[in-house]
Amino acid sequence: MLAFLIFLGLLLTYMILAVYAERKVSAFIQDRLGPMEIGWYGIGQTVADLIKLLQKEDIVPERADKWPFLAAPMIIFVAVFAGFAVMPLTPDLQGSDAAVGVFYLLAIISIDIIGLLMAGWSSNNKYSLLGAMRSIAQIISYEVPVGLAVICAAVYCQTLDLQAISFQQGIWIHEYPGYAQETNYLFGLRSLGIDVTQVGGFLTWNVVRMPLFFVVYVIFFIATLAECNRAPFDIPEAESELVGGFHTEYSGFRWAILFLAEYGMMLLLTMLGAVLFLGGWNTPLPNIGPVKLAFWTSGAPGTVYGNLTGAFWLVTKAFGGIFVQMWVRWTYPRLRVDQLMYLCWKVLTPACLILLFLSAVWRLLG
Amino acid sequence: MLPSRKNFFWSFRNFSIQRMQVNVKGANSSYFGNIREGIKSSWEGLKLSLKHIFEARRSRKPIGVADKEYFGQQTGIVTLKYPYEALPVPDNGRYRLHNEMEDCIVCDKCAEICPVDCIEIEPVKATEEIRKTSDGHSVRLYAAKFDIDMAKCCFCGLCTTVCPTECLTMTKTYDFSEFIMDNLNYHFSDLSPAEAELKKKAYEDFQAAKLAAKNAANAAKANAEAPAPKAEVPRKEVLATETSAETPANPPAENTPPKPVIKRPVMKPVIKKTDPNLPDTQA
Ligand code: SF4
Ligand code: SF4
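Order-wise, the sequence lines are chains W and V. Count the first sequence with this note's numbering and you get residues 2 to 367, in order. Count the second sequence with this note's numbering and you get residues 904 to 1186, in order.
Please keep in mind that the hints were generated in silico from the structure rather than gathered at the bench. Don't take every hint at face value.
[To be verified] Simulated pairs of lysine to any residue, SDA-like, Cα-Cα distance not exceeding 25 Å:
1) W:347 x V:949
2) W:127 x W:137
3) V:950 x W:331
4) V:1048 x V:1069
5) V:943 x W:57
6) V:1124 x V:1111
7) W:347 x W:148
8) W:57 x W:125
9) W:347 x V:942
10) V:954 x W:27
11) V:950 x W:337
12) V:1075 x V:942
13) V:1035 x V:1124
14) V:984 x W:34
15) W:127 x W:76
16) V:943 x W:352
17) V:943 x W:348
18) V:943 x W:336
19) V:1048 x V:1080
20) V:943 x W:125
21) V:1104 x V:984
22) V:984 x V:962
23) V:943 x W:76
24) V:943 x W:127
25) V:984 x W:38
[Claimed, not checked] If you only want the chain V side, here are some residues facing chain W, beta carbon under 8 Å, derived:
26) 948
27) 949
28) 977
29) 981
30) 984
[To be verified] Incomplete in silico selection of chain W near chain V, CB under 7 Å:
31) 29
32) 32
33) 34
34) 335
35) 336
36) 350
Predicted model, so just to flag it, every value in this text is computed and none were measured. The C-beta atom is built at its ideal place from N, Cα and C for all residues, glycine as well.
I would like the entire structure built from these sequences, with the hints used as guidance.
Pasting the structure below:
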């Protein structure tokens, strides 16, 4: 329950900040100022927009299929929000410590598609339907590289439990039941003989434990961009072609929910990326000799300090990922459908298959 | 036999064309070349936008086109928070009109030249010289009405060019939008309607008195005249007013005859002449 409330609060705060950040990042990339009027540097703009959205009439098109139309935003939001249930925000805070967290996450995100299809189809609008079709084609295709990238991490970590994966990547590895005897070697290679278990920091992150994970992370990142329907993979929403894609007919509160779900998806997937590859809630600062940076910047599990620093690091990493998502969005033009499919099936998927094999080999070596 | 040969030839040709296109594309011809180029160009794009984020620390200064530095500012935020800051406009810019009524001799030239007829002047003759303008013209007409409808104005600036006293000028004010269209009709007249009425009446009384005096003189000269031309009196009166208005106008005679009726027909044929010419040349 605590995790539920914390995640809900986090999601709402994050959304207000992220929309503001998105506007500012886009503005700065395009040499503009962005919102400036409401509050200091326009900080209150999103709140004002939210108030406006909530005041609007809840319009249901006459010919729309009413119940699916009304239910779709809720399904999409619930699917995204349910994903946070297995996210280990801190060493102790996790909605559900399911042993198959990764698997659950991939499954629950897919429910999102049902909501999208419901929204697009029930709107009774050709743009919405086209948008929904494109969106489903895209998400289903890109689930393959996302799934493979996640499996790479799972294979390397030998577990599907996100909390276990988080513990493995830091100095508190011995605190996790069953990992008391584990040692982290530099680059995950026992033969190098450099024990970094108590050094921690970024040296024990998955991207360093298995250097090729950097490529996997990039693939994961690209594929999650497509999963979130974000530019350059925003053909489902392509404003210039489809008005707004599947959410063309939505307005007011329901549209706000769809928007919230979209931003929630970004947060969920960047958090997942952070947990799988970038050390989860572990600090990036290593212990260097007597300078125990890692111990100073991340408290022991079970302590308040440990939880606070854990949440801080994970959220910071996720926000970093979101910044990159925005940076990418405001840099690239939209991909064509054929380019989208080329990238997915001919580049990312084969690369991921090879990397999956290499991850397994690396595990055997280490 | 023959068609199949032809097909063979065509397929060969198509093949060679395809080869050519592939060769032209360069690095894109191979799978890995494609990926390499994709990564490279994507990275270039990211660097470019990151550079812009970095440069967004500074804003470009709001300097006008006349400034030497105008083309020197290549980086930084371009947004101008308009109502709070604005680019200085050039001195010879054409924006809102202003008439310095003190200097206006109500010659009607501006109203005549205006291509969209947005200046409306109603002159009232004065009984004597009203004042001298700052450049020495004498003002003999009141403007009961001097309206410029900025909603119609096309900012051509012709009116300011013809104005003999240079009282009609273009200012640097460009932000004067209104919610009610009528508010864009600017009234420059320095007389209130009541005052204008008074001036009109004064002039009429003056004329009547003059006429009476003239009549009296005439009557005195020709003592025993028949009262027959009485019917012509009103016509004479009209003529008399025109001439009498001209007579007091002394040296700057060019200012006084406000006869738009003469000039208008001159302007219109010019437009009409050009129009029939066009189809002629086309034919
Ligand atoms: S600027 Fe041109 S259009 Fe405007 S009032 Fe003067 S002559 Fe007329
Ligand atoms: S041209 Fe100048 S002086 Fe003549 S009426 Fe117009 S504003 Fe007055």
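Right, here's what the structure says about each hint:
no.	hint	verdict
1	W:347 x V:949	holds (23 Å)
2	W:127 x W:137	holds (15 Å)
3	V:950 x W:331	holds (12 Å)
4	V:1048 x V:1069	holds (19 Å)
5	V:943 x W:57	violated (46 Å)
6	V:1124 x V:1111	holds (20 Å)
7	W:347 x W:148	holds (16 Å)
8	W:57 x W:125	holds (21 Å)
9	W:347 x V:942	holds (15 Å)
10	V:954 x W:27	holds (13 Å)
11	V:950 x W:337	holds (23 Å)
12	V:1075 x V:942	violated (52 Å)
13	V:1035 x V:1124	violated (38 Å)
14	V:984 x W:34	holds (9 Å)
15	W:127 x W:76	holds (22 Å)
16	V:943 x W:352	holds (17 Å)
17	V:943 x W:348	holds (15 Å)
18	V:943 x W:336	holds (17 Å)
19	V:1048 x V:1080	holds (23 Å)
20	V:943 x W:125	violated (43 Å)
21	V:1104 x V:984	violated (54 Å)
22	V:984 x V:962	holds (11 Å)
23	V:943 x W:76	violated (40 Å)
24	V:943 x W:127	violated (38 Å)
25	V:984 x W:38	holds (10 Å)
26	948	holds (5 Å)
27	949	holds (6 Å)
28	977	violated (10 Å)
29	981	holds (5 Å)
30	984	holds (6 Å)
31	29	holds (4 Å)
32	32	holds (5 Å)
33	34	holds (4 Å)
34	335	violated (13 Å)
35	336	violated (11 Å)
36	350	violated (13 Å)
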